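My request is simple: use the sequences and hints to build the entire structure.
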Amino acid sequence: MSTPPPLGHLELILVAPSTAEFCTVPVGDAEFDVVSNRIEGSVRNGGQVIAADVRSPSYQRYTPVLNRQSVSLISDADLDHIAGELGLEEEACGKGLQSLAAAYEVLPREVEGAAAVRLFLAQCLGVNVVIGGFRGTGGIQDFLVLPPGVDFGPYDVEHRKFTGATVMVTRVNTPCAQPAAMIGKYYPEVVEGLAKRFIVAARGRRGFVGMVVRSGRMVEGEGVGFVPFGGR
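Heads up: the sequence shown begins at 472 in my numbering, then just goes up one per residue.
Since the hints were made in silico from the structure, they are not lab data. Quick caveat, the model's predicted, so the values are computed rather than measured. A few of these clues could be false.
Computed cross-link-like contacts, DSS-like style, restricted to lysine-lysine with a CA-CA straight-line distance of at most 25 Å [unchecked claim]: (1) LYS656 <-> LYS566; (2) LYS656 <-> LYS667; (3) LYS667 <-> LYS566.
Label pairs and their computed distance ranges (CB to CB) [unchecked claim]: (4) SER529 <-> VAL661: 36 to 44 Å; (5) ALA523 <-> GLU560: 38 to 46 Å; (6) ARG526 <-> ASP627: 32 to 40 Å; (7) TYR533 <-> THR645: 33 to 41 Å; (8) ARG631 <-> LEU578: 37 to 45 Å; (9) LYS632 <-> ASP500: 44 to 52 Å.
All C-beta atoms in this analysis are idealised placements derived from N, C-alpha and C, irrespective of residue type, glycine included.
Quick look at the structure:
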């Protein structure tokens, strides 16, 4: 049998419940809809067509373009790297999660240690999917070696088939100031020079954006595969 594709698992599924802020909240599982190019329960970044903005610099601003960035994903390793560079502490992130839960009127998750740091940072980064345990072809663990155009989703390794929602990775995500503002708002301690430090820490570590190409569900804990279109 041929070499399996890059694999991992769904560590976190999150949605954006409000357009007022950049943050997302964990939901455990979610429906992805290909017709609306949207995650159920998420009110930001969805839709088949959007107005061109700073993320589409080759188009005149406000030109209607295909929405290729309705889903944001990142690896657990890249979250750990960013958190380490910023010096985010486990106990403080736990308090930050309590503040986020209160602000978004959701029940706080009972997490601690490194899991609390990852969840806090993922929420502040506005992430939709956190991939855990990424294993690339040949044992490569660098998440950003994935080429644009690869599809990912719940995956049956034995039969080489996707079994749930599928998202096409369209481009590498880039750091911006909004996550730093959210970290500064919800992290209970002052992080000196946060905005500049975040841009540096997240460069090359911000994951990808993508668009929904098959309707279905994603559930935390499921195994996922990353397969080029037309491949197995």
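Hints versus structure:
1. LYS656 <-> LYS566: holds, 12 Å
2. LYS656 <-> LYS667: holds, 16 Å
3. LYS667 <-> LYS566: Given pair LYS667, LYS566 holds - Cα atoms ~24 Å apart, limit 25 Å.
4. SER529 <-> VAL661: 36 to 44 Å: The hint (36 to 44 Å, Cβ to Cβ) holds, given that SER529 and VAL661 are roughly 39 Å apart.
5. ALA523 <-> GLU560: 38 to 46 Å: holds, 40 Å
6. ARG526 <-> ASP627: 32 to 40 Å: holds, 34 Å
7. TYR533 <-> THR645: 33 to 41 Å: Check failed, 21 Å falls outside 33 to 41 Å.
8. ARG631 <-> LEU578: 37 to 45 Å: Holds - the Cβ-Cβ distance for ARG631 and LEU578, about 38 Å, lies within 37 to 45 Å.
9. LYS632 <-> ASP500: 44 to 52 Å: violated, 20 Å
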